[in-house]
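Visitor: This is what each chain is made of:
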Amino acid sequence: MSRALVRRETVSGYLFMLPCLIFFLGFVIYPMVQCIVTSFFDSTMNRDDIFIGLGNYAELFQDKIFLGALRNTVIIVIVSVPVVCIFSLWVSSVLYDLSGPLCSLFRCVFYLPVVTGSVAVTVVWKWMFNNYYGIFNYLGKNAGLIDKNINWLGDERFALGCIILILLTTSVGQPIVLYVSALGNVDQALVEAAEVDGATRLQVFWKIKWPQIKPTTLYILVITTINSFQCFALIQLLTSGGPNHSTDTIMYYIYYNAFKLYRYGYGNAMGVVLAIIIAVLSAIQFKASKSD
Amino acid sequence: MRLRRILALAMTGAMVLSAAAVTANAEETTDITLWTYPVGNWGDSAAVDGLIASFEEAHPEIHVSVEYLDYTNGDDQVNTAIEGGEAPDVILEGPERLVANWGAKGVMVDLSDLWTDEAKEAIYDSVEAACQNNDGVFYEYPLCMTAHTMAVNRDLFEAADALQYLDEETHTWTTEGFINAVQALYDYGQENVAAVFCGGQGGDQGTRALVNNLYGGTFTDAEHTKYTADSPENIKALELLAGMDGINFDASIVGGDEINLFVNGTLAMAFCWNVAQEKTNADLVDFDILPMAFPTESGDPQLCGGIWGFGVFDNGDEARIEAAKTFIDFMANDETQVVEAVKVSSYWPVKDLGNIYEGDDLMTEYAAFVQYLGDYYQVVPGWAEARTAWWNMLQQIGSGTDVTTAVAEFSETANAAAAQ
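If you're matching them up, the sequences are chains U and D in order.
All the letters of the first sequence, read from the start, carry residue numbers 1 to 292 under the working numbering.
All the letters of the second sequence, read from the start, carry residue numbers 1 to 420 under the working numbering.
Keep in mind that the hints were calculated from the coordinates and are not lab data.
The C-beta atom is built at its ideal place from N, Cα and C for all residues, glycine as well.
Hints may be right or wrong, so weigh each one.
What the hints assert, rightly or not - Reference listing, derived: stretches of chain D covered by chain U, where coverage requires no fewer than 3 residues with Cβ under 8 Å from a Cβ of chain U:
(1) 86 to 100
(2) 192 to 200
(3) 391 to 398
All chains should be modelled from the sequences, with the hints used to inform the complete structure.
Guide: Set out below in structure tokens:
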């Protein structure tokens, strides 16, 4: 290929990319840079920003509420990520063995919470957890499990657990669909050969299927981790971080500082810390996946 | 040929003249924007359009465009507009935003020239005090007001023989009467008499008014510089509430949820109430609602109020600022227009206009509460942080934290925010 042709194709390639690139630079890269820069300033409304170096970061790690929010976020991630991965893998293994229409039906059922608006899902859960007439209290009392109503979302012993439960139901849909597809792509010749050689179901799964669905697992791990770290809407709609900050998450605390107290610099510093944590965890997940 | 030339000349002349007329007209008209929060029907274009039409008829030189905000996203919209230099000319809201927030940030116009001696004499003192900052700069010109009350389920009170503890005539009761009534309802079998809701800031004026009134406490000092929730009166009130059978500190609900629970009969009292709630829920309620002032030892309730009026953003354009002031003057001072503008809000005027709701029994009944309007302390600095700290404090008390400790923590947080 002549150099002129190569140059012409390169130029056309860049021209085709240009609209997307402009959008990416303007709406992704620029805000990211701005976020990092602002985190070094005392920034609020209608006043010039004041440079304070690492002041926001120093304050962060002495802020008990932020540390509590960090702890809650880590608990959410530690509980929800493995549960989502294991549960969705189990469900999709069962679904995969079902006949076509039945498999599609259950895929739809599990995917429904994903496509339903988060506000609608949250309102239904709020009703089920209601302290006065919620279905959980009704069933619990009728089954003799509890003798008086539990204030599920208003009691710090239960509130975070309730949030995690709701998060799980809204998080498993997509992994199930992905796993069902991944299992469909497993080489059946290998599976049948292993079965003929007398391999057990567990051996077939662990030695044949698992290595082939590992890239999907990695993707699900990374996405679920990021989503769990960014848990916000549930908190905003159900508990506002309460009771006693027991359901505060980093994302909610960022929102509170930036948009309620107008502490943009402080909120951005939290955003940077959250981004670093997610990036490090994702890198570890990638690394661990490659070393296998 | 000549005829065609004359015709062409005439048409050209007509076009030039009409263009000149349009230009001249455009030069004479000042366009201003009004952003309004949903204060009663001020969030409903069908109601507001009539008011705007009257104004534009009286002042054809000014054109008003209206944008309707809601309380969920309104603040974000306004703040974004301020940051982008696109703030509206006029905004309708209360002093906690106009004076304490945007006024304090220096983005509002001083409206002192609208506050003539005549206006000051006519407008109630408590309202006048709320519309200015501590330096006497007026950032709001008021239109309407209401007093937030509480309400009780009259049928349930009657069944529990608790009506004896309140005065239906004056809508008042004593702290002792309140204690006895709650006990009577609880003994009658009403497990959930009332809820000190603290799931968020929605309707939080109700819980503050309850605590402050029981033993005569205040939320801030008279100068609105310091939070005084840690006073012995407030601590005594919180300890009383925390120890009462039938009253739950509920961190899973906010004011709106409490109203729903009251309306569906789950709770016997609502601490977050006003006339708008009674109107909105009229079709859902199957019992008699009795609006009440908050109980006090002294018999002199101090109700939290809502005061709504107009503020002008400083957009640096004198013509638009003047037009905005003309608009405010017309809406709030024109004899005919002010009545209509207040009626659209479904509240009451900030000055004596007689009974503008003649023949409306409900509005006349609720008008009795306006006399109890207390200090409008929402203009205190650090308000946003203090509001959050308040319901967090109630959550702590509900979880068993010692009242004195929780209140001390609140005061430390709120006063630190006030000092910034």
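Visitor: Each of the hints needs a verdict: does it hold here or not?
Guide: Here's how the hints hold up against the structure:
Here's how the segment 86 to 100 of chain D fares: 0 of its residues keep a CB closer than 8 Å to some CB of chain U, so the rule of at least three is not met and the hint is violated. For the segment 192 to 200 of chain D, the proposed coverage by chain U is satisfied: 4 residues have a C-beta within less than 8 Å of a C-beta in that chain, meeting the threshold of three. Check result for the segment 391 to 398 of chain D against chain U: holds, 5 residues qualifying (beta carbon to beta carbon below 8 Å, three or more required).
Violated hints amount to a single one, hint 1; each of the other numbered hints is respected by the structure.
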